[in-house]
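Those sequence lines, one after another, are chains W and E.
Going by this note's numbering, the residue at position 388 of the first sequence is 388; the numbering climbs one at a time, nothing skipped.
Going by this note's numbering, the residue at position 201 of the second sequence is 201; the numbering climbs one at a time, nothing skipped.
Just so you know, not all the hints are guaranteed correct.
[What the hints assert, rightly or not] 27 Å max Cα-Cα, derived DSS-like pairs, lysine-lysine:
1) W/Lys147 <-> W/Lys121
2) W/Lys408 <-> E/Lys6
3) W/Lys312 <-> E/Lys87
4) W/Lys312 <-> E/Lys131
5) W/Lys309 <-> W/Lys408
[Stated by the list, open to error] Computed Cβ-Cβ distance ranges for the label pairs, DEER-style:
6) E/Ile59 <-> W/Leu392: 41 to 49 Å
7) E/Lys199 <-> W/Arg403: 36 to 44 Å
8) W/Lys14 <-> E/Lys113: 23 to 31 Å
9) E/Gly37 <-> W/Leu392: 20 to 28 Å
10) W/Asn306 <-> E/Glu55: 38 to 46 Å
11) E/Asn8 <-> W/Tyr402: 43 to 51 Å
The set of hints was computed from the structure by calculation and includes no laboratory data.
Note that CB positions come from ideal geometry on N, CA and C, so glycine has one too.
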Amino acid sequence: MNLFSLSWNYIRSKPLNTVLNILLMSLGIAIILVLLLLNSQLEENLGKNKRGVDLVVGAKGSPLQLILANVYHIDFPTGNIKLTEAKALTRNRLIKSAIPLALGDNYRSFRIVGTNHDYVKLYQGEVDQGALWKNNLEVTVGANVAKRLGLKVGDDFFGAHGMSVSDLEHDEARYEVVGVLAAGNSVLDNLILTNIESVWKVHAHEEEEEHGHEEDPVLGSAYETGFPDGDEDAEITSMLIQFRSAMGAVQLPRMINANTNMQAASPAFETQRLFSLLGIGVNMIRSFAYIIIVIAGLSIFISLYNALKDRKYDLAIMRSLGASRSKLFVHVIIEGVIITLLGGLFGFVLGHALVEILAGYYEKSEEVGITGLVFVNQELIVLLLSIGVGVLSALLPAFNAYRTDISKVLAQD
Amino acid sequence: MILIDKLNFGYSEQRILSISRMEVKESEHLLILGNSGSGKTTLLHILGGLLSPKEGRVIIGETDLYGLSGSQRDKYRGQNIGLVFQKAHLISALSVQDNLLLAQYLSGAAQDKGRVHEVLKELNLGDKLNKRVRQLSQGEQQRVTIARALLNRPRVILADEPTASLDDNNAAVVLNMLKAQAEKYQASLIIATHDQRVKDQFDLQLNLHAL
Numbered sequence: 001m002n003l004f005s006l007s008w009n010y011i012r013s014k015p016l017n018t019v020l021n022i023l024l025m026s027l028g029i030a031i032i033l034v035l036l037l038l039n040s041q042l043e044e045n046l047g048k049n050k051r052g053v054d055l056v057v058g059a060k061g062s063p064l065q066l067i068l069a070n071v072y073h074i075d076f077p078t079g080n081i082k083l084t085e086a087k088a089l090t091r092n093r094l095i096k097s098a099i100p101l102a103l104g105d106n107y108r109s110f111r112i113v114g115t116n117h118d119y120v121k122l123y124q125g126e127v128d129q130g131a132l133w134k135n136n137l138e139v140t141v142g143a144n145v146a147k148r149l150g151l152k153v154g155d156d157f158f159g160a161h162g163m164s165v166s167d168l169e170h171d172e173a174r175y176e177v178v179g180v181l182a183a184g185n186s187v188l189d190n191l192i193l194t195n196i197e198s199v200w201k202v203h204a205h206e207e208e209e210e211h212g213h214e215e216d217p218v219l220g221s222a223y224e225t226g227f228p229d230g231d232e233d234a235e236i237t238s239m240l241i242q243f244r245s246a247m248g249a250v251q252l253p254r255m256i257n258a259n260t261n262m263q264a265a266s267p268a269f270e271t272q273r274l275f276s277l278l279g280i281g282v283n284m285i286r287s288f289a290y291i292i293i294v295i296a297g298l299s300i301f302i303s304l305y306n307a308l309k310d311r312k313y314d315l316a317i318m319r320s321l322g323a324s325r326s327k328l329f330v331h332v333i334i335e336g337v338i339i340t341l342l343g344g345l346f347g348f349v350l351g352h353a354l355v356e357i358l359a360g361y362y363e364k365s366e367e368v369g370i371t372g373l374v375f376v377n378q379e380l381i382v383l384l385l386s387i388g389v390g391v392l393s394a395l396l397p398a399f400n401a402y403r404t405d406i407s408k409v410l411a412q413d
Numbered sequence: 001m002i003l004i005d006k007l008n009f010g011y012s013e014q015r016i017l018s019i020s021r022m023e024v025k026e027s028e029h030l031l032i033l034g035n036s037g038s039g040k041t042t043l044l045h046i047l048g049g050l051l052s053p054k055e056g057r058v059i060i061g062e063t064d065l066y067g068l069s070g071s072q073r074d075k076y077r078g079q080n081i082g083l084v085f086q087k088a089h090l091i092s093a094l095s096v097q098d099n100l101l102l103a104q105y106l107s108g109a110a111q112d113k114g115r116v117h118e119v120l121k122e123l124n125l126g127d128k129l130n131k132r133v134r135q136l137s138q139g140e141q142q143r144v145t146i147a148r149a150l151l152n153r154p155r156v157i158l159a160d161e162p163t164a165s166l167d168d169n170n171a172a173v174v175l176n177m178l179k180a181q182a183e184k185y186q187a188s189l190i191i192a193t194h195d196q197r198v199k200d201q202f203d204l205q206l207n208l209h210a211l
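So that you can see chain W by itself, here it is in the shape it has in the complex (with noise of 0.2 Å):
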């Protein structure tokens, strides 16, 4: 027998009061966990994926949206800009490096990602199986495409136009698998990356109806680095761009926005922006989790209160069995504290439980990396809450305990 023990079977003889307060207390901690585990690997994964890269440069419209569809491939992109005009742009020497981007097909639901080799080094993708692309119509897929669709090297298959599975197969041009990427985290997971020459081969048959079907395969221009020879007309989606310094941040978007038909927009910018725009829902979301733990408090604090006047002559009789008021005192505080601590702890499982579920029923959120199977320091918080709720809500009645009057209660017989 020991104060927890003493405590624990007061609470058992009363589980209906019990199991309402648990559950209370663990739906408030449960949506302030899966709001955490959202926020932290939105946060985590859209920071990992914006790494090196400064600006991006692309068709005039929702910077937004040049964000999204550049670099986390999660958007429709804004349009397309002429490759003369980004390869002058390339020649500014505030720039780096960039990389160009062609998209606009798919493979059910994968974009197909024409550009050279950089852009695998910009997320330090290795290659598990066979090698990166270089002929024509040859492609290196990520990890997640692989395993989703069934795809290995020597495999091949029609894209479609548009980014969505129901659109049109280009039956003409057929794409060979001759590499699979490591997993590693990032977009490239879940990308078809071939050469900007191989987007433009697949669209250009489109317009031009006919040719000789099964050609050589052709050496790509630029499949390494840089950008690929084209005719006048030729287009592509965006570049990725990295400075040589920080004047770059200063001169070069209002250079590119004012004196170019392209627009620049910056990811660390445009993601901060995002998050502020997110955070009026979550900050709602997560104010209403805090009314509920609030609640569970008040509710804990109230049972304890009202079990307190009921054992008055178990306090008194403690007492005049040796106990002494802080123990007293300390036994009503365990006992507000095992009841918040249950709830944190099922509030736990049921926050991890939830957006595992989530996760599973939302295709999208496997592209983002969201899993319930992770862990955040601040999760340590909810330890701290839940402590704090339990001392908090059994302080008043833990104090009407303290001061118990022994002869008094006693003597009411």
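Let chain W serve as the given structure and place chain E on it in line with the hints.
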């Protein structure tokens, strides 16, 4: 064993009682008599260290009860004074055994299940060990409180109307047990009562009405 020295106390401001000197020796029994409202319970609480008197000292063995600090007095009471009340106040959330283990724990003594079994057996409660308090009869519950009071081998046993809510049969059983156990542990037994059934069995009597 228990000595009262120049004690002044009262239920209310108007009715102050005073006892200049009284001693109950080891193995002696004292009966405090008086109608309800005469101050029996108050006196008993003062003797038990539950209520500070207005003036005077209560000395048990060598210890001045009200010379101790609050928590020291709580501890001293747990270890040396066994209390029995009119109603059997047991912790209903706990089993019989846990009620007794709690008494050992709160007094700071080692928790000894052997001792718990021994005392319960002495009071014919050996088979009630794991019963819930609510499953016991009134008389059985009162016997458990006696077991609890005796558990730590107290030097003084204080009983406040221990027989008032019991029938003749149970009252006799409880009274005999209290006397027998007090003798066994050589403790001083002090009973406050207005119960006529108890009166004839004690030589030493204090009638608060007569003061």
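How the hints compare with the structure:
1. Taken as a hint, the W/Lys147 and W/Lys121 pair is honoured in the structure, with Cα atoms around 22 Å apart against an allowance of 27 Å.
2. Between W/Lys408 and E/Lys6, the direct Cα distance comes to roughly 23 Å. Compliance with the 27 Å bound is thereby established for this hinted pair.
3. Our distance criterion of 27 Å between C-alpha atoms is met by W/Lys312 and E/Lys87, whose separation comes to about 14 Å.
4. Between W/Lys312 and E/Lys131 the CA atoms are separated by roughly 23 Å; this keeps the pair inside 27 Å, and the hint holds.
5. Taking the CA atoms of W/Lys309 and W/Lys408, the gap is about 14 Å. The hint holds against a cut of 27 Å.
6. Evaluation of the 41 to 49 Å hint for E/Ile59 and W/Leu392 yields a pass: the beta carbon distance comes to about 44 Å.
7. Checked against the hint of 36 to 44 Å, the C-beta distance between E/Lys199 and W/Arg403 comes to roughly 38 Å, which is consistent with it.
8. For the hinted restraint 23 to 31 Å between W/Lys14 and E/Lys113, the CB-CB distance of approximately 27 Å keeps it satisfied.
9. Judged by the Cβ atoms, the range 20 to 28 Å given for E/Gly37 and W/Leu392 is violated: they are separated by roughly 43 Å.
10. Look at W/Asn306 against E/Glu55: about 39 Å separates their beta carbons, and that is inside 38 to 46 Å.
11. With their beta carbons about 28 Å apart, E/Asn8 and W/Tyr402 fall outside the hinted range of 43 to 51 Å.
Checked against the numbered hints listed earlier, the structure breaks hints 9 and 11; every other hint is satisfied.
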